[in-house]
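Chemist: As a plain string of letters, each chain reads:
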Amino acid sequence: MVDRWDERAKGAVHEPSLALHIEDLTVSYDHRPVLWDIDLDIPPGVLAAVVGPNGAGKSTLVKAVLGMVKPAAGHVYVFGRPHLQQLRRIGYVPQRTTVDWDFPTTVLDVVMMGLYGQLGWIRRPGRAERRKAMDALEQVGMAAFCHRQISQLSGGQQQRVFLARALVQDAELYLLDEPMAGVDATTERHIIGLLKELRSRGKTLLVVHHDLQTLPEYFDWLVLLNVRIVAQGPLKQVYTLANLRQTYGSQIGLLHGMPAGTGGPGAESPGSAALETAAPRAGGRR
Amino acid sequence: MPGLEILSDFTVRNALIGASLLGVVSGVLGTFAVLREQSLIGDAVSHAALPGICLGFLIAGTREIWPLALGALAAGAAAALAVLALTRYSRLKPDASLGTVLSTFFAAGTVLLTYIQNRQLPGQAGLDSFLFGQAAAVLPEDLWFMGAVALVALGAVGLFWKEFKLVAFDPGFARSLGLPVALIEAALTAMIALAVVVGLQLVGVVLMVAMVIAPGTAARQWCRRLETTVLLAAGFGAASGILGTMLSLLGRGLATGPLIVLVATGLAVVSLLFAPGRGAAWKAAARRRARAAIEDRHILAGMWQLAQSHGDAAYAVEQGMLDAMYGAGARGALERLERQGLVEPVTHMSEEGLHWRLTPEGRKAAAAEPLSPSPTVRGE
Numbered sequence: 001m002v003d004r005w006d007e008r009a010k011g012a013v014h015e016p017s018l019a020l021h022i023e024d025l026t027v028s029y030d031h032r033p034v035l036w037d038i039d040l041d042i043p044p045g046v047l048a049a050v051v052g053p054n055g056a057g058k059s060t061l062v063k064a065v066l067g068m069v070k071p072a073a074g075h076v077y078v079f080g081r082p083h084l085q086q087l088r089r090i091g092y093v094p095q096r097t098t099v100d101w102d103f104p105t106t107v108l109d110v111v112m113m114g115l116y117g118q119l120g121w122i123r124r125p126g127r128a129e130r131r132k133a134m135d136a137l138e139q140v141g142m143a144a145f146c147h148r149q150i151s152q153l154s155g156g157q158q159q160r161v162f163l164a165r166a167l168v169q170d171a172e173l174y175l176l177d178e179p180m181a182g183v184d185a186t187t188e189r190h191i192i193g194l195l196k197e198l199r200s201r202g203k204t205l206l207v208v209h210h211d212l213q214t215l216p217e218y219f220d221w222l223v224l225l226n227v228r229i230v231a232q233g234p235l236k237q238v239y240t241l242a243n244l245r246q247t248y249g250s251q252i253g254l255l256h257g258m259p260a261g262t263g264g265p266g267a268e269s270p271g272s273a274a275l276e277t278a279a280p281r282a283g284g285r286r
Numbered sequence: 001m002p003g004l005e006i007l008s009d010f011t012v013r014n015a016l017i018g019a020s021l022l023g024v025v026s027g028v029l030g031t032f033a034v035l036r037e038q039s040l041i042g043d044a045v046s047h048a049a050l051p052g053i054c055l056g057f058l059i060a061g062t063r064e065i066w067p068l069a070l071g072a073l074a075a076g077a078a079a080a081l082a083v084l085a086l087t088r089y090s091r092l093k094p095d096a097s098l099g100t101v102l103s104t105f106f107a108a109g110t111v112l113l114t115y116i117q118n119r120q121l122p123g124q125a126g127l128d129s130f131l132f133g134q135a136a137a138v139l140p141e142d143l144w145f146m147g148a149v150a151l152v153a154l155g156a157v158g159l160f161w162k163e164f165k166l167v168a169f170d171p172g173f174a175r176s177l178g179l180p181v182a183l184i185e186a187a188l189t190a191m192i193a194l195a196v197v198v199g200l201q202l203v204g205v206v207l208m209v210a211m212v213i214a215p216g217t218a219a220r221q222w223c224r225r226l227e228t229t230v231l232l233a234a235g236f237g238a239a240s241g242i243l244g245t246m247l248s249l250l251g252r253g254l255a256t257g258p259l260i261v262l263v264a265t266g267l268a269v270v271s272l273l274f275a276p277g278r279g280a281a282w283k284a285a286a287r288r289r290a291r292a293a294i295e296d297r298h299i300l301a302g303m304w305q306l307a308q309s310h311g312d313a314a315y316a317v318e319q320g321m322l323d324a325m326y327g328a329g330a331r332g333a334l335e336r337l338e339r340q341g342l343v344e345p346v347t348h349m350s351e352e353g354l355h356w357r358l359t360p361e362g363r364k365a366a367a368a369e370p371l372s373p374s375p376t377v378r379g380e
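Note that the protein sequences, when read in sequence, are chains V and W.
Numbering-wise (the working numbering), the first sequence opens with residue 1 and increments by one.
Numbering-wise (the working numbering), the second sequence opens with residue 1 and increments by one.
FYI, nobody ran anything at the bench for these hints, they're computed from the structure.
Glycine is no exception: its CB is placed at the ideal position from the N, C-alpha and C atoms.
Hints may contain errors.
No more than 20 Å apart at the CA atoms, straight line, and that leaves these computed lysine to aspartate or glutamate pairs for DMTMM-like [claimed, not checked]: (1) K196/V x D100/V; (2) K162/W x E64/W; (3) K162/W x D211/V; (4) K236/V x E217/V; (5) K283/W x D102/V; (6) K93/W x D30/V; (7) K93/W x E141/W; (8) K236/V x D211/V; (9) K196/V x E138/V; (10) K364/W x D323/W; (11) K70/V x D102/V; (12) K70/V x D100/V; (13) K196/V x D170/V; (14) K162/W x D37/V; (15) K283/W x E295/W; (16) K70/V x E185/W; (17) K70/V x D30/V; (18) K162/W x D30/V.
Only some residues are given here: those of chain W computed to face chain V with a beta carbon under 8 Å [to be verified]: (19) R13; (20) L35; (21) R63; (22) G155; (23) A156; (24) V157; (25) L159; (26) K162; (27) F169; (28) D170; (29) F173; (30) L177; (31) C223.
Here are the in silico distance ranges between beta carbons for each label pair [unchecked claim]: (32) R291/W x E197/V: 54 to 62 Å; (33) L139/W x H75/V: 53 to 61 Å; (34) Y115/W x N54/V: 29 to 37 Å; (35) G329/W x D184/V: 54 to 62 Å; (36) D184/V x Y326/W: 31 to 39 Å; (37) Y89/W x H75/V: 24 to 32 Å; (38) E217/V x P276/W: 43 to 51 Å; (39) A290/W x P234/V: 49 to 57 Å; (40) A284/W x R148/V: 42 to 50 Å.
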């Protein structure tokens with residue numbers, strides 16, 4: 001029996017200067033490709049957003065990095081090593097709606113689950129684990145709720161609990177799937193504050209995001225995805241109307257007040273007022 | 001009716017020990033099945049046990065428990081795999097896959113059973129008791145077998161507690177930690193087959209699914225943590241086993257297995273209705289109480305307003321007026337308020353019909369009531 005759940009044979013080091021390095025990744029469910037020939041580089045220490053329309057493969061990209069879906073082709077390296085050897089260095093915040101919040105368990109229990117990977121087989125969490133979990137709950141402002149049954153939490157509180165669970169993982173690369181979906185404004189501010197703090201502590205964060213308007217305020221790195229990678233790089237260079245239009249299709253061209261053909265690498269950024277209408281409209285498109 | 005001395009009876013003691021073992025095992029393992037929304041897999045697995053039992057008998061040539069249980073286990077596992085495979089690789093939805101597999105295996109089992117019975121093979125008598133179980137047929141060596149299976153199953157749950165818990169709650173996150181989730185899910189399903197095997201003798205293949213679902217469902221209503229849920233489910237399961245067996249002793253021809261199942265489902269129904277915070281009846285009562293409390297506050301505030309507009313804090317309001325303002329519920333609300341000492345009926349105006357006024361406590365409560373309008377008239 002292996003000591004750790006994620007222990008695999010050691011492989012060669014490849015692109016160790018990148019937090020995440022993906023080569024030629026293709027994932028398909030049945031015959032429909034969900035991700036097509038993805039090449040992606042995320043340098044360490046950035047707070048990166050992944051945006052794209054519904055069905056663009058954003059969640060699948062995250063799951064592929066975590067080894068939760070089997071790619072048809074391609075390689076994923078995390079800090080220079082094949083991702084499956086590096087799961088201990090990756091923290092994960094799944095979409096809130098993927099679990100049954102009526103499950104009989106408490107907030108503290110859920111947060112301690114983030115430590116299960118470090119504990120390995122059979123060993124139970126003890127006092128040290130409880131303390132780490134309480135620290136994380138403190139950071140997300142949920143310490144007072146530690147003994148609450150999780151069914152009593154609001155959406156925003158659920159998200160904070162998931163965030164605390166990722167915090168105790170003490171990872172170096174964090175993958176977050178729509179952490180701001182369906183939470184109140186206070187929680188959203190709290191979450192982004194926390195993500196920026198993690199970045200300042202040298203962590204790398206890749207966040208699936210849905211709100212184009214808040215991109216420049218929240219993130220410093222941007223990945224535009226629609227089955228293929230449309231553009232990637234520092235937000236200031238990538239966040240252009242031309243790129244967004246290419247990602248979301250023609251709808252974005254219908255934006256009021258935006259002259260056609262603006263954009264291009266390094267060109268002016270699209271006005272946030274105009275983009276406000278873009279996300280929901282583009283969302284309906286596959 | 002037999003007295004307590006019957007408990008020392010050999011057959012009865014075997015049945016009681018067997019029934020409590022069965023209850024504990026199915027309660028513990030069933031809780032995971034219920035929480036993973038996999039309880040019906042238990043139905044397919046238990047029905048599929050029948051052909052396994054028959055094959056075990058045909059191969060071993062005896063009615064001993066080990067070959068039969070092994071056959072049941074293998075067939076149950078095959079059925080569970082078939083359900084998963086059908087759901088994954090065909091266009092059948094999970095419920096249709098379950099139904100198909102369940103009936104196919106059970107049909108095969110029935111064919112084998114009638115075949116064996118007609119061949120008059122030695123030792124085949126009573127093989128059909130595995131359909132609905134037969135408590136009197138439980139032998140000491142069966143108990144050793146059931147105990148061994150229980151030990152293995154409960155030991156596995158104890159050992160891999162945190163792994164099972166994580167996979168039941170959030171399989172996606174479990175995979176992100178590198179945990180072999182598919183393997184653990186397979187183990188959890190296989191353990192349902194173990195629970196079924198433990199129940200074969202007593203409850204039988206047809207009703208066994210109830211023992212997988214009911215204790216966990218009942219326990220889930222009362223508990224906030226998985227630890228307590230599983231323990232309570234074990235308790236409910238054991239209690240059902242013991243109570244059901246005792247009930248069957250009350251008269252001749254009362255089948256033990258079905259009685260155990262009835263007790264277990266009875267516990268589940270009571271829990272679903274009355275568990276605090278989650279039970280349907282409990283919630284309805286809480287809603288009623290909340291509605292009544294709001295009605296009370298409205299009437300209190302209304303009377304306060306009337307008293308103020310008349311410049312008389314002890315102003316007596318006619319019942320009919322309150323009826324007109326608050327509907328037929330006003331009388332009930334006034335009586336509730338009277339019991340709380342907040343209003344009192346005014347008796348000296350009885351010739352003019354019933355009147356009500358606020359007591360001094362009522363005035364205090366009404367003045368503090370946010371529903372009350374700000375005072376327009378001062379009066380005392």
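Chemist: Please go over all the hints and tell whether each is borne out by the structure.
Modeler: Cross-check of the supplied hints:
1. At most 20 Å may separate the alpha-carbon atoms for a hinted pair to count; K196/V and D100/V exceed this at roughly 29 Å.
2. Taking the CA atoms of K162/W and E64/W, the gap is near 36 Å; set against the 20 Å cutoff, the hint is violated.
3. Distance restraint check for K162/W and D211/V: the Cα-Cα separation of roughly 36 Å exceeds the 20 Å cut-off, and the hinted pair is therefore not satisfied.
4. Only pairs whose Cα atoms come within 20 Å are accepted, and K236/V paired with E217/V is accepted, the gap being roughly 11 Å.
5. Only pairs whose Cα atoms come within 20 Å are accepted, and K283/W paired with D102/V is accepted, the gap being roughly 16 Å.
6. Using a Cα cut-off of 20 Å, the hinted pair K93/W and D30/V holds, with the two alpha carbons roughly 17 Å apart.
7. Distance hint between K93/W and E141/W is unfulfilled; the C-alpha atoms sit about 42 Å from each other, more than 20 Å.
8. Distance hint between K236/V and D211/V is fulfilled; the C-alpha atoms sit about 17 Å from each other, no more than 20 Å.
9. A threshold of 20 Å between alpha carbons decides the hint, and for K196/V with E138/V the separation of about 17 Å falls inside it, so the pair holds.
10. The hinted pair formed by K364/W and D323/W fails the criterion: a straight-line CA distance of about 23 Å is larger than 20 Å.
11. Pair hint K70/V plus D102/V does not hold up; C-alpha atoms about 30 Å apart against a cutoff of 20 Å.
12. A C-alpha spacing of about 25 Å is found between K70/V and D100/V, which places the hinted pair above 20 Å, so the restraint is violated.
13. Taken as a hint, the K196/V and D170/V pair is honoured in the structure, with Cα atoms around 15 Å apart against an allowance of 20 Å.
14. Taking the CA atoms of K162/W and D37/V, the gap is near 38 Å; set against the 20 Å cutoff, the hint is violated.
15. Annotation: proposed proximity of K283/W to E295/W holds, straight-line Cα distance about 18 Å (limit 20 Å).
16. Of the pairs offered as hints, the one joining K70/V and E185/W holds, with about 18 Å between alpha carbons and a cut-off of 20 Å not exceeded.
17. A distance of roughly 12 Å separates the Cα atoms of K70/V and D30/V; the hinted pair therefore holds under the 20 Å criterion.
18. Restraint check for K162/W and D30/V: not satisfied, since their Cα atoms lie roughly 34 Å apart, outside the 20 Å limit.
19. Against a cut-off of 8 Å between C-beta atoms, the interface hint on R13/W is violated, since the closest Cβ of chain V lies about 35 Å away.
20. For L35/W, the interface hint holds, the least distance from its beta-carbon to any beta-carbon of chain V being 6 Å, beneath 8 Å.
21. Residue-level restraint check for R63/W is violated (minimum Cβ-Cβ distance to chain V is 38 Å; threshold 8 Å).
22. Taking 8 Å as the C-beta cut-off, the interface hint given for G155/W is violated, the closest approach to chain V being about 12 Å.
23. About 11 Å separates the beta-carbon of A156/W from the nearest beta-carbon of chain V, more than 8 Å, and the hint is not met.
24. Interface restraint check for V157/W: the shortest CB-CB distance to chain V comes to about 12 Å, outside 8 Å, so the restraint is violated.
25. Checking L159/W against chain V: minimum C-beta separation of about 6 Å stays under 8 Å; hint holds.
26. Look at K162/W: its Cβ gets to within about 6 Å of chain V, closer than 8 Å, so that hint holds up.
27. For F169/W, the interface hint holds, the least distance from its beta-carbon to any beta-carbon of chain V being 5 Å, beneath 8 Å.
28. Satisfaction of the interface hint for D170/W is found here, the shortest Cβ-Cβ separation to chain V being roughly 5 Å, below the 8 Å cut-off.
29. With a least beta-carbon distance of about 6 Å to chain V, the hint placing F173/W at the interface is held under the 8 Å criterion.
30. For L177/W, the shortest C-beta to C-beta distance to chain V is roughly 4 Å, which falls under 8 Å, so the interface hint holds.
31. Hint on C223/W holds. Least Cβ distance to chain V is approximately 5 Å, under the 8 Å limit.
32. Range check, R291/W to E197/V: about 46 Å between beta-carbon atoms, so the 54 to 62 Å window is missed.
33. For L139/W and H75/V, the Cβ-Cβ distance of about 60 Å falls inside the hinted range of 53 to 61 Å, so the restraint holds.
34. Taking 29 to 37 Å as the suggested C-beta distance range, the pair Y115/W and N54/V does not conform, at roughly 56 Å.
35. Distance hint check: the CB atoms of G329/W and D184/V are about 36 Å apart, inconsistent with the given range 54 to 62 Å.
36. Against the hinted window of 31 to 39 Å, the Cβ-Cβ separation of D184/V and Y326/W comes to about 36 Å, which satisfies the hint.
37. The hinted range of 24 to 32 Å is satisfied by Y89/W and H75/V, whose Cβ atoms lie roughly 28 Å apart.
38. The hint said 43 to 51 Å for the Cβ distance between E217/V and P276/W, and at roughly 46 Å that hint holds.
39. A290/W and P234/V have their C-beta atoms about 55 Å apart, which keeps the hinted 49 to 57 Å range intact.
40. Separation of A284/W from R148/V is about 24 Å and departs from the stated range, judged on CB atoms against 42 to 50 Å.
When each numbered hint is compared with the structure, violations occur for hints 1, 2, 3, 7, 10, 11, 12, 14, 18, 19, 21, 22, 23, 24, 32, 34, 35, 40.
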